[in-house]
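> Below, each chain spelled out in residue letters.
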Amino acid sequence: MKGFEERLSRLENLNDKISEGNIPLDEAVALFEEGIKLAKSLEKDLSKVERKVELLVNQPDTPEDEPNLELFPDLSQEEREE
Amino acid sequence: MLQPETRKFTVSQITELVKQHIEAEFYDVTIEGEISNFRPSSTGHLYFTLKDENAVISAVMFRNRAISLSFTPADGQKVSVWGNLSVYAKRGTYQIIAERMEKSGEGDILATLEERKRRLASEGLFEESRKRPLPLLPSRVAVVTSPTGAALRDILNVTARRNAGINIVVLPCPVQGEEAAAKIARQIERANMFQLGEVIIVGRGGGSLEDLLPFSDEVVVRAIAASTIPVISAVGHEIDLSLSDLAADLRAPTPSAAAEIVSASRDELLARVRDLRSTMTRELERRIERIRLLLREFTAARLERNFRIMIQPVLLRLDDAKEGLVRSLRDRLVDARHRLELSVKNLESASPIEVLKRGYSVVTDGETGRVLRDARETAAGKGIRVRLHRGGLGATVEEITQ
Numbered sequence: 001m002k003g004f005e006e007r008l009s010r011l012e013n014l015n016d017k018i019s020e021g022n023i024p025l026d027e028a029v030a031l032f033e034e035g036i037k038l039a040k041s042l043e044k045d046l047s048k049v050e051r052k053v054e055l056l057v058n059q060p061d062t063p064e065d066e067p068n069l070e071l072f073p074d075l076s077q078e079e080r081e082e
Numbered sequence: 001m002l003q004p005e006t007r008k009f010t011v012s013q014i015t016e017l018v019k020q021h022i023e024a025e026f027y028d029v030t031i032e033g034e035i036s037n038f039r040p041s042s043t044g045h046l047y048f049t050l051k052d053e054n055a056v057i058s059a060v061m062f063r064n065r066a067i068s069l070s071f072t073p074a075d076g077q078k079v080s081v082w083g084n085l086s087v088y089a090k091r092g093t094y095q096i097i098a099e100r101m102e103k104s105g106e107g108d109i110l111a112t113l114e115e116r117k118r119r120l121a122s123e124g125l126f127e128e129s130r131k132r133p134l135p136l137l138p139s140r141v142a143v144v145t146s147p148t149g150a151a152l153r154d155i156l157n158v159t160a161r162r163n164a165g166i167n168i169v170v171l172p173c174p175v176q177g178e179e180a181a182a183k184i185a186r187q188i189e190r191a192n193m194f195q196l197g198e199v200i201i202v203g204r205g206g207g208s209l210e211d212l213l214p215f216s217d218e219v220v221v222r223a224i225a226a227s228t229i230p231v232i233s234a235v236g237h238e239i240d241l242s243l244s245d246l247a248a249d250l251r252a253p254t255p256s257a258a259a260e261i262v263s264a265s266r267d268e269l270l271a272r273v274r275d276l277r278s279t280m281t282r283e284l285e286r287r288i289e290r291i292r293l294l295l296r297e298f299t300a301a302r303l304e305r306n307f308r309i310m311i312q313p314v315l316l317r318l319d320d321a322k323e324g325l326v327r328s329l330r331d332r333l334v335d336a337r338h339r340l341e342l343s344v345k346n347l348e349s350a351s352p353i354e355v356l357k358r359g360y361s362v363v364t365d366g367e368t369g370r371v372l373r374d375a376r377e378t379a380a381g382k383g384i385r386v387r388l389h390r391g392g393l394g395a396t397v398e399e400i401t402q
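In the order they appear, the protein sequences are chains B and G. Residue numbers for the first sequence follow the numbering used here, beginning at 1 and rising by one. Residue numbers for the second sequence follow the numbering used here, beginning at 1 and rising by one.
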């Protein structure tokens with residue numbers, strides 16, 4: 001799937017085209033269907049709630065090195081669960 | 001010279017003159033000294049005395065100025081105080097009203113920073129045109145800060161509370177002291193090298209001017225300027241300003257604010273997407289409604305009605321024409337009848353009977369019955385007939401006269 005910004009600007013573009021009103025109706029309906037699909041995928045991206053907090057535990061210095069990420073104890077979430 | 005008489009004052013008069021003189025003369029001055037007898041009041045004003053080996057001067061810093069102090073004053077501290085001298089007439093004392101105060105030596109640090117700022121600015125490191133836009137919806141944020149500091153705690157709290165679904169990679173580093181600057185810079189470079197986030201937050205909580213110094217270090221400023229990933233600086237409190245703030249793509253007043261910025265966009269974006277969706281839907285519905293209205297014109301009943309509306313004037317004209325035709329025909333008949341009656345009347349008046357009525361007679365030849373108009377048409381002794389209005393006569397001509 002394309003990036004968020006790209007999809008958002010496509011949605012804005014579709015909206016403009018439909019609003020212009022000088023395209024045939026069947027074309028407008030096709031654009032509308034595409035737009036609704038985009039809006040749904042964007043809303044889905046935006047409603048994502050899970051998150052991960054990681055800590056970089058090594059000091060990789062060249063692009064060949066692998067950054068070593070470990071889960072970071074997310075105190076704020078533990079507090080919230082209590 | 002002044003006359004003795006003019007050198008006589010009331011206490012108020014002399015105090016007023018002293019006040020005017022001192023306050024005009026000692027406006028916007030800097031006094032260096034050591035704080036003693038420090039007495040913060042419950043209302044937030046700071047009262048203290050500045051002293052050196054040979055003298056003391058009272059000082060006050062009002063609350064509205066005291067809140068912007070970058071350190072907590074204490075007895076024994078050497079400080080520089082900027083302000084204006086003021087005479088308090090009721091007690092006959094004078095004091096300095098402090099506008100700003102900094103620890104001695106801070107002036108040197110500030111001067112160094114100011115020089116560095118100018119130098120880096122002249123290289124274009126703080127140029128507005130260098131600022132990159134922040135990603136609309138970062139899915140991962142790299143945070144360069146102390147793993148145990150208040151800044152990280154605030155950032156994690158805010159992003160958790162906002163339910164922003166943003167992943168966070170913490171790149172740990174000391175945020176004060178000798179080694180901090182180099183390590184902060186290195187972590188910024190690592191975040192770029194391994195693309196550990198779509199945006200980087202660099203920062204720490206508030207602290208003294210010295211504490212915040214690493215964030216004004218040249219290596220940090222250069223690392224931020226060189227970062228291909230957009231950088232949000234979040235150093236100290238709202239009033240603290242570091243050179244990192246100037247080089248960053250966005251300056252957040254606090255680490256919490258930085259976290260709000262990376263999370264906040266989500267709500268706005270959601271509103272924007274929903275807005276687009278509903279305008280798009282409304283627009284299409286409007287178009288369909290318009291077409292439905294257009295189609296309604298083509299029902300049988302409407303067509304018939306429209307047709308009627310169209311031919312109505314024609315029918316009217318036809319009616320008018322018909323009526324006109326009948327009327328003019330009738331008119332002509334009446335006219336003809338009049339003319340007929342008139343003719344009959346004329347004819348009647350031309351009838352010979354009418355002439356006979358008036359006493360004239362018609363004479364005809366007795367044998368041929370021809371009407372006689374000339375005496376020579378008959379002769380004496382010949383028979384004639386005379387027609388009168390009533391009846392006739394048979395007669396014989398006796399004489400011809402000419």
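In case anyone wonders, no lab produced these hints; they're calculated from the structure. Just so you know, not all the hints are guaranteed correct.
Said to hold, decoys possible - Below, computed lysine-lysine pairings styled on DSS-like, alpha-carbon distance capped at 30 angstroms: (1) K37/B with K48/B; (2) K52/B with K183/G; (3) K131/G with K117/G; (4) K52/B with K17/B; (5) K44/B with K17/B; (6) K48/B with K183/G; (7) K322/G with K345/G; (8) K103/G with K8/G; (9) K131/G with K52/B.
What the hints assert, rightly or not - With beta-carbon atoms standing in for the labels, derived distance ranges: (10) E50/B with P40/G: 45 to 51 angstroms; (11) S9/B with L294/G: 52 to 58 angstroms; (12) G124/G with K48/B: 36 to 42 angstroms.
Using N, Cα and C, we set each Cβ at its ideal position, and we do this for glycine too.
> Decide, hint by hint, whether the structure agrees.
For each hint, the structure was consulted:
1. Restraint check: the Cα-Cα separation between K37/B and K48/B comes to about 17 angstroms, which is no more than 30 angstroms; the hinted pair holds.
2. Proximity of K52/B to K183/G is assessed by CA-CA distance (about 24 angstroms); at most 30 angstroms being required, the pair is judged to hold.
3. Proximity of K131/G to K117/G is assessed by CA-CA distance (about 17 angstroms); at most 30 angstroms being required, the pair is judged to hold.
4. Between the alpha carbons of K52/B and K17/B the distance comes to roughly 39 angstroms, so the proposed pair goes past 30 angstroms and is violated.
5. A hinted pair counts as satisfied when its Cα atoms are at most 30 angstroms apart, and K44/B with K17/B qualifies at roughly 24 angstroms.
6. At most 30 angstroms may separate the alpha-carbon atoms for a hinted pair to count; K48/B and K183/G exceed this at roughly 33 angstroms.
7. For the proposed pair K322/G and K345/G, the alpha carbon gap of about 35 angstroms is over 30 angstroms, so the pair is violated.
8. This hinted pair does not check out: K103/G and K8/G have alpha carbons roughly 44 angstroms apart, beyond 30 angstroms.
9. Distance hint between K131/G and K52/B is fulfilled; the C-alpha atoms sit about 28 angstroms from each other, no more than 30 angstroms.
10. With their beta carbons about 48 angstroms apart, E50/B and P40/G fall inside the hinted range of 45 to 51 angstroms.
11. A hinted range of 52 to 58 angstroms for the beta carbons of S9/B and L294/G is inconsistent with their spacing of about 33 angstroms.
12. Distance hint check: the CB atoms of G124/G and K48/B are about 39 angstroms apart, consistent with the given range 36 to 42 angstroms.
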